[in-house]
Amino acid sequence: MRKGIRNWGPPVLLLAPSLVLVAIFVYGLIFANIQTSMTDRHSLASEGAFVGFQNYVALLTEGRFLHSLLNLVVFTVVFIAGTMIFGFIWAWLLDKGVNAEGVFRSVYLFPMAVSFVASGVVWRWLLNSAEGDRASGLNRMLQTFGLDFLQNSWWNEPIWGMAAIAMPAIWQLSGYIMALFLAGFRGIPDELREAARMDGASEWKLYRHVIFPQLSPIALSALIIVSHMSLKVFDLIMAVTKAIYQTEVPATYMWVALTSNDYAKASAIATVLLIIASLFIIPYLIHTMREEKRSS
Amino acid sequence: MSEATQTDLSSGVAASSSAGGAPTGKGSQFVLGRTAKYALLLFFVIIVLMPVYVLLVTSFKPPADVNPESSWGLPLRWPWESVNGGPTGFDNWITAWDALAPALGRTFLLAIPAALIAAMLGSMNGFVLSRWRFPHASLVFTLILFGMFIPYQAVLTPLVQMKTDLGLPSNISTLLIVHVIYGLPICTLIFRNYYEGIPIELMEASRMDGAGMLRSYASIVLPLSLPGFVVTIIWQFTSAWNDYLFALFLTDVQGGPVSLALNNLAQGAQLANYGAAMAGALIASFPTLLVYIILGKYFIGGLMSGSVKS
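First to last, the protein sequences are chains A and B.
Per the working numbering: the first sequence = residues 1 to 296.
Per the working numbering: the second sequence = residues 1001 to 1310.
Rather than coming from a laboratory, the hints here were simulated on the basis of the structure.
For every residue, glycine included, the Cβ atom is placed at its ideal position computed from N, Cα and C.
Hints are supplied without guarantee of correctness; some may be wrong.
As the list claims (entries may be wrong) - Computed, partial: chain A to chain B, Cβ under 7 Å:
| # | residue |
| --- | --- |
| 1 | L70 |
| 2 | A113 |
| 3 | A118 |
| 4 | H209 |
| 5 | I211 |
| 6 | P213 |
| 7 | S227 |
| 8 | L231 |
To be verified - Cut-off 30 Å, straight-line C-alpha distance, at most; resulting in silico cross-link-like pairs (DSS-like, lysine-lysine):
| # | chain 1 | residue 1 | chain 2 | residue 2 |
| --- | --- | --- | --- | --- |
| 9 | A | K96 | A | K205 |
| 10 | A | K242 | B | K1163 |
| 11 | A | K232 | B | K1163 |
| 12 | B | K1297 | B | K1037 |
| 13 | A | K232 | A | K242 |
| 14 | B | K1037 | A | K96 |
| 15 | B | K1297 | A | K96 |
| 16 | A | K232 | B | K1297 |
| 17 | B | K1163 | A | K205 |
As the list claims (entries may be wrong) - Far from chain B, by Cβ distances over 12 Å, these chain A residues were calculated:
| # | residue |
| --- | --- |
| 18 | Y56 |
| 19 | L60 |
| 20 | M112 |
| 21 | N139 |
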């Protein structure tokens, strides 16, 4: 018993401040949030009587909320596809051996250092929906290249407008995915490639049977990181379009609900977001924890 | 494969300079491939830098010269020349500076302490969770880590409520506490991964010598921690600097950080003074960009440990 305390005591004491903070501000507040979501606190004055899952039922049958979910899905799909494609291509090009690799890498990665609010200023301009004579931004650029037919109203399009909103996000995060893939490429032992080449494998077969399988764990992490960022998308939308119906996602809807003091609705929306996020975060965390146990 | 992260990137970078050439012996086909490769890389550089070009040129255009036709062009005049006695290009920068300067100061007062405090706590946690392990350390770590993946919306309603109940001010002091707390998981993660590199035998030897946990931490681990601190502090500084979500929910423009002031400048200007907004975006991004340019290597280190872990 004494030994137990000697083992446990000091480390836990050192961890204690953080543990208490995380316990209160992560788990405690999540609990409080779920609690609020099950009341009828739709205004400041409301006492907040328990109503069970009523708010959730209302949300999931509400056209506006479903619209925000659909927007989120479109955004997520385009965002994931874009970052994975650019990230992979950049890493692949750089892995082939390039002079001044560091310069290219730094350029591709630099948008990560900028906030969505700052980049939103310029993207709002680039994605200006005016066409024809009044066009500026990307539409004006398309005219210059004789690609007038590609002009569109960007985020102002219903539903597919979310694909336009994903463009700044892709711009910002592709470099991150590149860095992940590059680390993956560099982690593949040269002998493995050599051996495959010795066996007369074609370049495509080398990728198909050696490189892609080696990269798949990285691709999986990248996928999880990008999707969880996608669920959180908020700053970008606020900066480019403000909280408007057309580009509404659950995160911005939650803000709208909270600013009108509808605590119950805001917390219900937030809980739905948390549940969606948990669906892939928890398996990911459990997986990493198991991996670790195996390796240690 | 998941161990191919942090360390491999830097070693990979070093290795790449020696592998700078390309597969040999393909003649003219190889030359074409080489040209195509650089052409592609340059094309992507142009795309990535395009928004920066727009920011720069627009910020130096006097409002009278900002119009759709010339929107992609260089400024029509020097930034100190005015149009018919109106504002000049430099006036954009002055407008933006006046709008952002107080918030810039506040954001430094927010981001620096937030980074230092969270890094210190993260270092202690990382040490205990990797080098002075106790039963179920992995589980405790995973529970802490969960806090970094949650959508913060899930805590914001009660957090706003808590702030009101406790009567906390709508300024950066409240935000500082919040950034320290929600920065803990990532800081712990970075340090835990970093300390995996310290041989466990070193710790055991220290235990044998009768050194307690704190002595081992202070005399062995802490002196080796500088690179870990640089990575963590950069990461925390950047995320606190760039944060908009917590700032919007918990502060106001009068007492909040630069992200709020910038958004206010950009969206408050209904008459679309794009020039001032873009100058403001550049000013607000300058500190984090400077950190990135000077300490890019460490910035990437933070990115990597924010993802996969050993």
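Against the structure, the hints:
The interface hint given for A:L70 is violated, since its Cβ lies 18 Å from the closest Cβ of chain B, which is over the 7 Å cut-off. Restraint check, A:A113 versus chain B: the minimum CB separation of about 4 Å is within 7 Å; hint holds. Taken as an interface hint, A:A118 checks out: its beta carbon lies about 4 Å from the nearest beta carbon of chain B, inside 7 Å. Evaluation of the A:H209 hint against chain B yields a violated restraint, the C-beta minimum of about 15 Å exceeding 7 Å.
Against a cut-off of 7 Å between C-beta atoms, the interface hint on A:I211 is violated, since the closest Cβ of chain B lies about 12 Å away. The interface hint given for A:P213 is violated, since its Cβ lies 9 Å from the closest Cβ of chain B, which is over the 7 Å cut-off. Given hint, A:S227 at the interface with chain B, is violated; its Cβ is 11 Å from that chain's nearest Cβ, farther than 7 Å. Interface hint status for A:L231: upheld, as the beta-carbon distance to the closest one in chain B is roughly 5 Å, under 7 Å.
Straight-line distance between C-alpha atoms of A:K96 and A:K205 comes to about 17 Å, which keeps the hinted pair within the 30 Å bound. Distance hint between A:K242 and B:K1163 is fulfilled; the C-alpha atoms sit about 25 Å from each other, no more than 30 Å. A hinted pair counts as satisfied when its Cα atoms are at most 30 Å apart, and A:K232 with B:K1163 qualifies at roughly 22 Å. Among the hinted pairs, B:K1297 with B:K1037 is consistent with the structure: their alpha-carbon atoms are about 25 Å apart, no more than 30 Å.
Under the criterion of a C-alpha separation no larger than 30 Å, the hint pairing A:K232 with A:K242 is consistent with the structure, at around 15 Å. Taken as a hint, the B:K1037 and A:K96 pair is honoured in the structure, with Cα atoms around 9 Å apart against an allowance of 30 Å. Distance check on the hinted pair: B:K1297 and A:K96 sit about 21 Å apart at the alpha-carbon level, within 30 Å; holds. Proximity of A:K232 to B:K1297 is assessed by CA-CA distance (about 27 Å); at most 30 Å being required, the pair is judged to hold.
As the CA atoms of B:K1163 and A:K205 are separated by approximately 59 Å, the hinted pair breaks the 30 Å bound. No beta-carbon of chain B comes within 12 Å of the beta-carbon of A:Y56; the shortest separation is about 14 Å. Even its closest Cβ contact with chain B, about 17 Å, leaves A:L60 beyond 12 Å, as expected for a residue assigned away from the interface. At the 12 Å boundary, the C-beta of A:M112 falls inside the reach of chain B, the nearest C-beta of that chain being 7 Å off.
Annotated as non-interface, A:N139 brings its C-beta within 12 Å of a C-beta of chain B; the closest such distance is 9 Å.
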